[in-house]
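K.L.:
As a plain string of letters, each chain reads:
Number of protein chains: 4
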Amino acid sequence: MRNTAILSIVCPDRKGLVAAIANFLLAHNANILHADQHQDREANLFLMRVEWDLEGFDLGLHRFDETFGPIAAAHQMQWRLALSSVKPRLAIFVSKYDHCLADLLYRHHAGELYCEIPLIISNHPDTHWLAEAYKIPFQHIAVSKDNKPEAEAKQRALLDAHGIDFVVLARYMQVLSADFIAHYPQRIINIHHSFLPAFHGAKPYQRAFARGVKLIGATSHYVTEVLDDGPIIDQAVTRVSHRDDLDDLVQKGADLEKVVLSRAVKWHIDNRILVYGNKTVVFD
Amino acid sequence: MRNTAILSIVCPDRKGLVAAIANFLLAHNANILHADQHQDREANLFLMRVEWDLEGFDLGLHRFDETFGPIAAAHQMQWRLALSSVKPRLAIFVSKYDHCLADLLYRHHAGELYCEIPLIISNHPDTHWLAEAYKIPFQHIAVSKDNKPEAEAKQRALLDAHGIDFVVLARYMQVLSADFIAHYPQRIINIHHSFLPAFHGAKPYQRAFARGVKLIGATSHYVTEVLDDGPIIDQAVTRVSHRDDLDDLVQKGADLEKVVLSRAVKWHIDNRILVYGNKTVVFD
Amino acid sequence: MRNTAILSIVCPDRKGLVAAIANFLLAHNANILHADQHQDREANLFLMRVEWDLEGFDLGLHRFDETFGPIAAAHQMQWRLALSSVKPRLAIFVSKYDHCLADLLYRHHAGELYCEIPLIISNHPDTHWLAEAYKIPFQHIAVSKDNKPEAEAKQRALLDAHGIDFVVLARYMQVLSADFIAHYPQRIINIHHSFLPAFHGAKPYQRAFARGVKLIGATSHYVTEVLDDGPIIDQAVTRVSHRDDLDDLVQKGADLEKVVLSRAVKWHIDNRILVYGNKTVVFD
Amino acid sequence: MRNTAILSIVCPDRKGLVAAIANFLLAHNANILHADQHQDREANLFLMRVEWDLEGFDLGLHRFDETFGPIAAAHQMQWRLALSSVKPRLAIFVSKYDHCLADLLYRHHAGELYCEIPLIISNHPDTHWLAEAYKIPFQHIAVSKDNKPEAEAKQRALLDAHGIDFVVLARYMQVLSADFIAHYPQRIINIHHSFLPAFHGAKPYQRAFARGVKLIGATSHYVTEVLDDGPIIDQAVTRVSHRDDLDDLVQKGADLEKVVLSRAVKWHIDNRILVYGNKTVVFD
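Chains A, B, C and D, in that order, are what the protein sequence lines are.
Note that the numbering used here has the first sequence beginning at 1, numbered continuously upward.
Note that the numbering used here has the second sequence beginning at 1, numbered continuously upward.
Note that the numbering used here has the third sequence beginning at 1, numbered continuously upward.
Note that the numbering used here has the fourth sequence beginning at 1, numbered continuously upward.
In short, the hints are calculated from the structure, not lab data.
A few of these clues could be false.
If several chains are the same, the list does not tell them apart, and a pair holds so long as it fits within one copy or across any two.
[As the list claims (entries may be wrong)] Here are the computed lysine-lysine pairs in the DSSO-like style, where the Cα-Cα straight-line distance is at most 30 angstroms:
no., residue 1, residue 2
1, K252, K87
2, K148, K203
3, K266, K154
4, K15, K279
5, K87, K15
6, K135, K252
7, K266, K15
8, K96, K203
9, K154, K203
10, K15, K154
11, K135, K96
12, K135, K154
13, K266, K87
14, K96, K266
15, K266, K203
These numbers come from a predicted model, not from an experiment.
Okay, chain A solo, but in the shape it has when bound (with noise of 0.2 angstroms):
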C-alpha cells in the first residue's frame, strides 16, 4: 500500500507556479511520484497534480496548511491535500437495475477500487442480496412523490452518520433536489446510459432505438442542479446496428455503463479529477 501525498491546485495561470511548488516539495525532501500539469488558455488558468512520497517528507503533516498556506495565498491557488493511506468513503445509491451495483462491488472487493463502502441506500429492497454477499450495509428507503423531502432527510441523516465523502449513483432512477446536490459539490457522481449531451433525460435506450444511430454511449459526470448537465468524467461507446433491438441497445449499454461509471468512482478516489467550469481535467 502506498503512502503518498497528492496535492491538487487550480490557479490563475502565470510564470513561476511550477518552480514555486517545486522548490517547496524539495525544500522539504519530496520525493516526486508523479506530476501532471495542465494549463487551460482560454480560462488561463493552471491546474496540476502532484504526488510524492511521504516516506523522508521531513514536513508534518499537521503543519502542512501553515507552510503551504501563504505559497498558495501568493499564487491565489485553490488546493486540496488528499493521502493516498485514507480511504475515502463513498455510499452508493441504488434503484432495481443492479449491473452497476454488482460490477462497483466487485472491483472494490478486488481492490480496484480505494475506499470504503459503509452504505448502500436503495429506495427498493432488490439489490439486497447483493449487499450482503458483499456484506455492505444496505439501507432500503423508499421514495415516492409524496414522501420525497422525508426521503431525501433520512439520506442525509445516513450519510453524515457514515461520515460519507462522496455518493455514487449507480442507476439510481430518483431525481435528487437541488438542495440535496448542493450538500454534496463536485461529490455526487452519476452515470447516464448515454453519451450526453445527446438523450439526456429520461428513457435514452428508446430514444437511441427510435432514432436509428449507429453507436450507443454513457456518460459519467458530476451531478449539478440542472439534470445530465454536469462536468463530464467519462464517455464511451459501442457500435450498434439493424441487427440489434432494443434489448440488445439495453445489454449492450450496460457494459458501457459499467466501465464509465467505475472509471469515474476509480479517478475520483484517486484524486485524478480536477473541476474548472462544467469541464473536468482528468489526469489519468
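Keeping the supplied structure of chain A fixed, place chains B, C and D upon it in accordance with the hints.
P.N.:
Using the frame of chain A, we list chains B, C and D on its own:
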C-alpha cells in the same frame, strides 16, 4: 471486375418470402454470391439484399421486370435491381474545407469507390486544384442569400446534364432548399461533424468543446427536409481530453469525417443501404 | 421466453441450397425469425443459421431428423438443430483470478446468459464464496504435476454426472491434456489475455509491457490441442500508454477479458458460432 | 505560428529535477505553455518535455547550451532543444502502394504536419503524379538484389544534399541495410500493417486472414536493425468479420495505416516522442 446483379427488397414480413425469391433465382440458374436479410419486428418489415453472378443466369435483364414483377406484386415488395457493372454517377458538393473531397477523390482513384465522378460543384474556387489533380470537372457556382434559387437551378441543371445518380455533400456549408432535396430522395449523402443527435446544426466542434465532452464524433446520413435529421448511415467517435484544444478537435474530427463519409458512399454505391422509416439497414 | 428452433448448416456451396431450406421450412409452415448465411469463396463452403418460431410449425421435432435428413444428405450438409427453450449446461473452470467468474455469474443471474450452470470446478478453494453467493455448486479439485491424469478423470466424471454441454475456462491456469480436449470438440471456450496470435503462451501482460505496445487485448477461442491456437471467437483491445504500469495493464486487460469471454459464451449458447477449419463465423 | 522552444530531457530519476528545470526557466523569464513528465519506476528514469514561449525569454538561444549545460551535466541529463519555428525536413520513401503517401501529402498541404518535404524517393515511378500534384520533388531510384548498396548510397547522398532530418517509410517495401539504419537513429519511422508483435515480417494481412483474427491492426515504429522490432510509437486496430475477405482486410487496414503513420509523423515533428530502451513515451 464483377458482373453481378443486386436485388434489394423491402416488404411486409410474412411467410414464404425467402422461398419465393430463392425459387425464382434458382429457376433461372442464379449462382447466389451474397444474401442478407433482416426482419424488423416492430415495423413488421422484411428487408433483403441478394447478389448473384450474371454468368449463367438465364433470364435476360430486359425481361427481369416482367418476370419478377408478379412475384414482387404478390408480396407487396418494393424492389430495385442494380448491376455491379454499371457505375453510378456521383456529384460532389464542397465548400472550402477540402479534407473529405481529397479523401473521396483519392479513394476513387485507388479503386475503392466504384463509381463515376463527372462533376464537382463548389461555392468557392479554392478546391479547383484538387479536382484538376484527379482530372475531375469542377464547377464554381457562387451562392449567396440573394441568389440561392438561381444557384440551385444551375446546380440542378448540371446534375441533369451529367446524368447524376447521387450527390455527396462533402462539408458543403450551404443548406439546400426543401425543393432541391425533394428531387433526390435517399440520393443525397451528408457528413455532419458530430455524433448526431448531439450538436445538430451549426458549429458542433465549438459546442462539443464548450460542453467538455470526452468523445467527439461524425455522422453520415441521407439528407431530408429537416436539417441533420435524416436516416443515419454510419457514425464514429474518437477520444478527446483536456489536452485537446478546439483546433485538435477539428483535426481529430476531420479524420472521423473522412472515414464515416467514405464508408457511406461506398455502401451506397454497393447497394448495401436500405432505408425504412427514418432508419437504415446496412448489409455490410 | 422464446420457443424457437435454430438450424445450423455447413456444406459445400452450390446452387439451390437456400431454396431447399426455405422450401422445407415453408412446407411445414415455419415462421422464420432470423436467417443469416455466409459463403466462403476460398473454402467453397456455405454456412447458414436460421431460426424460426415453433408456434405453428407443423413438423413434430421427433420427426425432424427423418424429414430433413434426406434434404441434408442430398447437399452433404453437416447440420445441428437446437431449441431455444432448452438451456445448455455449462461448467466453469477457474483458478484464483476471479474476475471472469464473477462476471459470468452475474450475467447468468441477470438473464444475459440463457444456460444452466450446475458446476464450477477450481484447482483452488478461493472462489468458493462467489459460487455460494450465486448458489452454484462448487468443486475443488487440486491439480499438480503428479496428479494431473487423476484430476482430469475426476473433472470428466463430474462433467458427465452433471450432463455438461460445454466448458468455459474462466482464467483456468492449467493446460488441459490433449485427451481431455478431444472429448469436447468445439465445446471448450478459453479466454487468453492477449490479442492472439501476439503473446500466445505464458505471461502475456508482462511481455506486452516489456515490448512497449500501445494496445493490449484479449481473445476468446475454442480450445484445440495446440495451445492458444484454436478458432478465434472474439477479440478486443484497449489503449495503454507510458502512464500505465504492469498493474494497470492487468486491470485494464481484466475488463477486456470479461467482455470478450462473456460475448463468446453468449454466442455459443445462442448457437451463433459456426466453426470451419480454424476459423469461426459468428452470426451476431 | 508559434514561436516556442521545446526542451526534451531523459535522465536518472532523483529529487530536485523539476525544481532545477523550473528555476532555470523562471530565472530567464520563460512563460511555460506545456509541461509533461513521466517517471519510469522500473528503469529509474525521468523524462520530460517542456515548451515555453520565446517571447519574453531573456536568454539568447546561442547561449542556451553554455547556460543550461552545467545544470544538465549535474543531473546526467540527455537533452535536446527544438524550436517550433524551425520546420524539420522530411524525406518520404515509398514503393507502389500510395495511400500513406497521398495521406501524408494532403496533411502536409493542409497544415497538419509542420515540416518541409523536399524529397520523395521511390523504387518505382508510379507515384510520380502524386508528388507533382503536391509539387514535391520526386526521385526514382530502382532497387534490386544486385544494386542495393549503390541504391542506398544514392539515397543517402540525396538525404544529405537535401539536409533531411528524418525519413518516413510510407509502405516502402524494401528492407534497409543495418548500415543505412545506423546513420539515422530514431530518425526513420516505419508503418507496419499489423498490430505488432503479431504478424511481423511479410504478408501480415494474408496471415491475419488465414488465422481468422477478429481485429486487424497497424503499427508505427522507429526503425532499428531488427526488422519490425523498433520502439512502437502508435497502434490502432479495427474489427473484421467473416464477411470481410482478404481485399476488405487490405482496404480497412489501409485506413489504419494512414492514421497511425500520420500521428507518428506529427508527434515526431512536434518533439512529443521520447525513446528509452525499446519503448517510447508520447507526450500527446
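K.L.:
What hint numbers does the structure not satisfy?
P.N.:
Hint check: 10 fails alone, others pass.
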